[in-house]
Amino acid sequence: MADKIFDVVVVGSGASGGTLAAHLARAGVNVAVVEGGPKINTRTDFNTHAMPFEFPNRHIPTMKPGKQGFDSERSRGLGGKTLTWNAVAWRYSQRDFKGRSFEGAGEDWPFEYKDLAPYYEKIEREVGVCGNLDGLEDLPDGVFQPPVPMKCTDIAVRNGAAKLGVKVIHVRKATLSRAAHGRPACHFCGNCMAGCDVVAKYNSADVHLAPALKTGKLTMFTDSVAREVVVSNENRVTGVRFLNRNTKREGEVGARVVVVSCACVQSVALLMMSRSRLYPNGLGNSSGQLGRHFIPHFTGGVQCFLKEFIGKPGTNDEGYLDHAYVPSFMHNRKRDYARSFGIQFNYQNRRAVGWARSIPGFGRSYKQAVKDRYPAFLTFSPYGEMLPNPKSFVDLDWEKSDSYGLPMARRNVSYSENDWKIFRDMTEWSRRILESAGAEILSVSEEPRTNHELGGCRMGTDAKTSVLNGNCQSHDVKNLFVVDGSVFPSASEKNPTHTMMALAARTAHYIANGLRKGEL
Amino acid sequence: MSEDRRDALKIIGSIGATCAFPFSADELYGQHSHGLTAVAQAALPSKPQFLTAPEMKAVARLADLIIPATDTPGALAAGVPAYIDLVISRSRGLQKLCREGLAWLNQETTRVHARPFVELNEQQQISVLEPLCKRADRTSAGESSPEPLEVEFFRAMKNMTADGYFTSRAGLIEELGYQGNTVLAEFPACTHEH
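Going down the list, the protein sequences come from chains A and B.
The first sequence begins at 1 in our numbering and counts up one residue at a time.
The second sequence begins at 521 in our numbering and counts up one residue at a time.
Possibly wrong hints are sitting among the right ones.
As the list claims (entries may be wrong) - Computed Cβ-Cβ distance ranges for the label pairs, DEER-style:
hint: 1; chain 1: A; residue 1: L136; chain 2: B; residue 2: R619; range: 23 to 33 Å
hint: 2; chain 1: A; residue 1: E121; chain 2: B; residue 2: R612; range: 27 to 37 Å
hint: 3; chain 1: B; residue 1: S566; chain 2: A; residue 2: S443; range: 47 to 57 Å
hint: 4; chain 1: A; residue 1: Q368; chain 2: B; residue 2: E628; range: 22 to 32 Å
hint: 5; chain 1: B; residue 1: A573; chain 2: A; residue 2: R357; range: 24 to 34 Å
hint: 6; chain 1: B; residue 1: R610; chain 2: A; residue 2: D108; range: 27 to 37 Å
hint: 7; chain 1: B; residue 1: H712; chain 2: A; residue 2: P61; range: 33 to 43 Å
hint: 8; chain 1: B; residue 1: E667; chain 2: A; residue 2: N451; range: 24 to 34 Å
Honestly, the hints are just simulated from the structure, not real lab data.
None of the values given here were measured: they were computed from a predicted structure.
Cβ atoms here follow ideal geometry from the backbone N, Cα and C, with glycine treated the same way.
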């Protein structure tokens, strides 16, 4: 039995869990966060400014020697993946929420853009998002700090794309372009995804959780790997059981409400592991829908050299990583598939020169060819929306357990005809845009790769075909909520984190009200 | 006051001491002693981990031919042979490939020139490698046919040389002119005519 009962226990401390816990604490709710990893000091623990040659094998470890965290496949650490994300922050549009209504493909979300819009705005105001007001139908504007200027190579691509009638816009990121909220502006050191040690880039531990601790309403259980959400015979969740990451000793924390926010696949896995008399197939899974409709983004890529920069002097332009984006432009074009794609570019820093392997020849001419191309290297990473299909799902491998004795989650991904059509078209468009910008193409990836895990515990209005209702609340168990990428009924082509954070703020609001009214 | 430090204060800018964020301005500066120029290259093992002395000699010659010294240091000065030996020592597959590949190389040069690879003159060495490189470049570009050992071996040598060199201090900073990992008060907007 748990020693202590909180109003709400949130499992996970990343973009969703961190935002949600902070919003609840600020609303006066007694909240506990159960995080599988250690507390990390963003300022000192990451190898933020290391160069590859500081290590004999030239591989830069994520953490400084002796510092824990991010050493497992599960991004464990207070702040989750926001510590190492790239901070791209788009609002989804009405078309993203209503794919089925618009074109009969995918699934509608159980609410509209206008229902989430106030929460997008709340997040933008409290974390700081920079970007341009572009007035696009498929990419709603928000409340932004000024955008960061484009790189020279971005402008060359923008000009090439314009010849094809395709727009290139400033990227929008939850990274400050101006000092605000007691955080400094980005200073363009180029190490965003190695852990921003001044917190110009948003992370949930420093921006949401640290200030929320001051309310006295927030309690942290770090190094606590959740293994079960406990449900009573009265069909209410009563708390969370966890294992201490170091000692493996079991602990339990009691709750009036439990929110599962441990990053899509891990959230699904935790519910599947939580088997009980009432729910032998996983908690809140009377519909059998848990794990289904797994719809991670698929991405491809084109690497190229922009000819006008070959042999030119290099510039210090890796700061803030990618500065520009090709937003979805297919919704209004004739095509033989449903849904769309967007193209991210240039989000690697200039310390990675793996492409040098692919330059032909050897000797002096080879060395010169690499040097000449160094300032001209550019990558396109298109992201496409995957439609749900019966062969794409998450399940548990009960035969294989991790170091805690917990079953491993299995990702089963199979692409449908529509997915392949998007993949081929986004690859073709990427090549076409780059060639229009005067590119020498180096490589084109021919196989989709998954990124941004989404789906598996989707929201919906029908309890037979979804796990949660439109408030991220279990259809089966009233005081159980799930908030993260797993709840997305459809993926959109856009990076999902801003939507997760807005959903977290919206759900926190709903839970705080429900508790106040005694309805939960 | 260092320039880095001045820039940092400019960036931290308007943040007052009474802000809601629980860190002082000094802490906000994090680990920012970027000082790229001060960072030394880590020492590589002084003795070979896997390769024998003659093998090491051949690997060093290969690396030197793939990325020679020009007005900037080449693979040798960048410590690439020791890096290659380290990488090989950690992979069974590479151990087999490189041992057999090096043996092939000497057999081939003995057959054609009656001498092991390292004893040939530079022109002879290059003429042995050129056909291997052409073949490796073709398959890298997407042609896939079963590949002879020596082509696979050359590709591995070229890959390891490129990896080792362009992640070295000499390769990344002196040769390529890497300028990042610094503090900029503002991102320099493009001034080119496009």
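### Query
Which hint numbers does the structure go against, in order from smallest to largest?
Going through the list in order, the structure violates hints 1, 2, 3 and 6 and respects the others.
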